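For chain A, the structure is supplied; the task is to place chain B on it using the hints.
Listed below are the residues making up each chain.
2 protein chains.
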Amino acid sequence: MKKIGKQTIKFENPVNILNTACIVGPKESDGPLAKYFDKCLEDEFWGESTWEKAESKIIKETVNTAIAKSNISQDKIDFCFAGDLLNQCISSSFGLRELNVPFYGIFGACSTFVEGLSLGSVFVESNVAEHVICCTSSHFCSAEKQFRFPLELGNQRPQSSQWTVTGSGVAILSKSGDGPFITHTTVGKIVDMGIKDANNMGAAMAPAALDTLLTHFKDTGRNPSYYDAILTGDLGYVGKEILIELSQSNGYNIKSNYNDCGVMIFDKDSQDTHSGGSGCACCGTVFSGYVYKMLREKKFKKVLLMATGALMNSTSSQQGESIPGIAHAVSIEI
Amino acid sequence: MKKIGKQTIKFENPVNILNTACIVGPKESDGPLAKYFDKCLEDEFWGESTWEKAESKIIKETVNTAIAKSNISQDKIDFCFAGDLLNQCISSSFGLRELNVPFYGIFGACSTFVEGLSLGSVFVESNVAEHVICCTSSHFCSAEKQFRFPLELGNQRPQSSQWTVTGSGVAILSKSGDGPFITHTTVGKIVDMGIKDANNMGAAMAPAALDTLLTHFKDTGRNPSYYDAILTGDLGYVGKEILIELSQSNGYNIKSNYNDCGVMIFDKDSQDTHSGGSGCACCGTVFSGYVYKMLREKKFKKVLLMATGALMNSTSSQQGESIPGIAHAVSIEI
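So the protein lines, in turn, are chains A and B.
Those letters in the first sequence? Residues 44 to 377, by the numbering used here.
Those letters in the second sequence? Residues 44 to 377, by the numbering used here.
Chain A extracted, bound-state conformation (with noise of 0.2 Å):
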């Protein structure tokens, strides 16, 4: 393992991708990638009495779908890294807290999937943990009511705004097994581009897509055509559209073999999510369920896994601050 250029790990012996899990939502259960999760929910309580305990049962449930995929015991996996988008990270430590594992929490917003990714790969190419445990969670039905109005107002949703992925993706790192591999992480910086608009992530959060993504081009001294896929975690129908633009204007195609996340786990025309799917479970549900299969079916070969966060909260929105943004990506091959 080195650091090559100024923000990539080169993991020397790549990092081996033991299993996913996930469980989704009922709207997400008609998405089209609805034959890729392991369990789709009919309803977002889950037979609980709050949107945050159906969150936690969600995270908690995915966790052990994992462990179960994966034929290793609970008592085999050395750390947890785990996080969501409720304040204080609730769900995750309400939901793991009878996991009974070395729990590190971190906090990334939507890029929380890959940051796990990343940290735990250095924890397994150092040799000191056999397995970790990536998880992360979000809800429609949670997020809206911290982040933005309460449900039962019924507030119109404007053209740029996403719908929060109601799930949870967990993947199991290992030192040993036959892949998909975790080669390279480029680690993001905070790139704060004065956007406002807490309706509009994705304008928000495609300048740290931009730079994570250049800034692994040339660490990496890779291109985009390297790649069979470059999936961003929730830009969504706008962002995405931003981020083609971006790396086209700084000598990057990336037009024929990139998407997001966000775009891929809803239809457009009959779902009316407006500008696509959003969350921490976006990227971790569409990665779990279809991209790791297409993986193991080698019909992906070399993946770049890009997720992106806003990191705002709603007191620096009525504050007037702008949105500060950050992007984690691993590199994932066969």
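Treat each hint with caution, since some may be false.
One copy or two, it doesn't matter: identical chains are merged, so the pair holds either way.
Derived pair list, reagent style DSSO-like, types lysine-lysine, alpha-carbon separation capped at 27 Å [as the list claims (entries may be wrong)]:
no., residue 1, residue 2
1, Lys46, Lys218
2, Lys49, Lys112
3, Lys341, Lys298
4, Lys78, Lys218
5, Lys119, Lys261
6, Lys336, Lys53
7, Lys46, Lys239
Since the hints were derived computationally from the structure, they do not count as laboratory data.
Just so we're clear, the structure is a prediction, and the values are computed from it rather than from any experiment.
Relative to the frame of chain A, chain B by itself:
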């Protein structure tokens, strides 16, 4: 570097703490450790219009102070680990948005400072980083407003409540230098013993502190007497007494060399903080100010620093949930 026992990482080339910095608010400046802090503020705003912006300024300037004291240029810092108590950790992301360093956001509530030292040490030891910076902050006014009641209400505080420290603590870790050195980290698990009183954090976090302390002794084969000082982050007077008792009933007498940063930072008789200090900056400033200087002056030779966090938010308390706790430890020697 290798994992020993269940939760401990031993650094075979101990990680150097190159330098530290801390800035504190006015109440901390009236306390017994005032002379050890780099800067003592005269009010809670520091020229800003809101408490949140003031907290961001405090972490930003503490980072600048740490870098200046370390005699390294900012571009020599490979990674930043930072987090705080505000929803979505906005103190860190706004305060450090111009830092221009690859950024891992972390959340461990008041355990965040030691969580950063723990992760940062793994990065330095595994040779992917020459220098990392570990940062945290908290602010009495922004925390009271967010977690409890508007300050303007003038609510009476129960005797078990603690006073969130206004300030920031920052440490820069490096591969080389003359110490003090981080030799081990014991990574905590989430522990929830069912305490529900959000005005008695010490009682909620003490079982997690006990769990990490006992595990540290088992994993390393050490006893309490190995250390000149065992320091918890912010158990306060109530939690400190509980931890002493719980340790005693598990066969470890820590009475003679154990103290808590929340007990140390304020004067019990004159400062009316009830059960003592708390917040990410409690452990952060007491370590970065007082403890680090004691280590450099060889007045302490072996310190176990264990920060404790309560992983709840105001919604979870309103929904009748108990308070999960966590404690992360680092062993520091000269």
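Going through the hints against the structure:
{"no.": "1", "hint": "Lys46 x Lys218", "result": "both (19 Å within a copy, 14 Å between copies)"}
{"no.": "2", "hint": "Lys49 x Lys112", "result": "between (37 Å within a copy, 23 Å between copies)"}
{"no.": "3", "hint": "Lys341 x Lys298", "result": "within (22 Å within a copy, 60 Å between copies)"}
{"no.": "4", "hint": "Lys78 x Lys218", "result": "neither (29 Å within a copy, 48 Å between copies)"}
{"no.": "5", "hint": "Lys119 x Lys261", "result": "between (37 Å within a copy, 19 Å between copies)"}
{"no.": "6", "hint": "Lys336 x Lys53", "result": "within (24 Å within a copy, 37 Å between copies)"}
{"no.": "7", "hint": "Lys46 x Lys239", "result": "neither (34 Å within a copy, 45 Å between copies)"}
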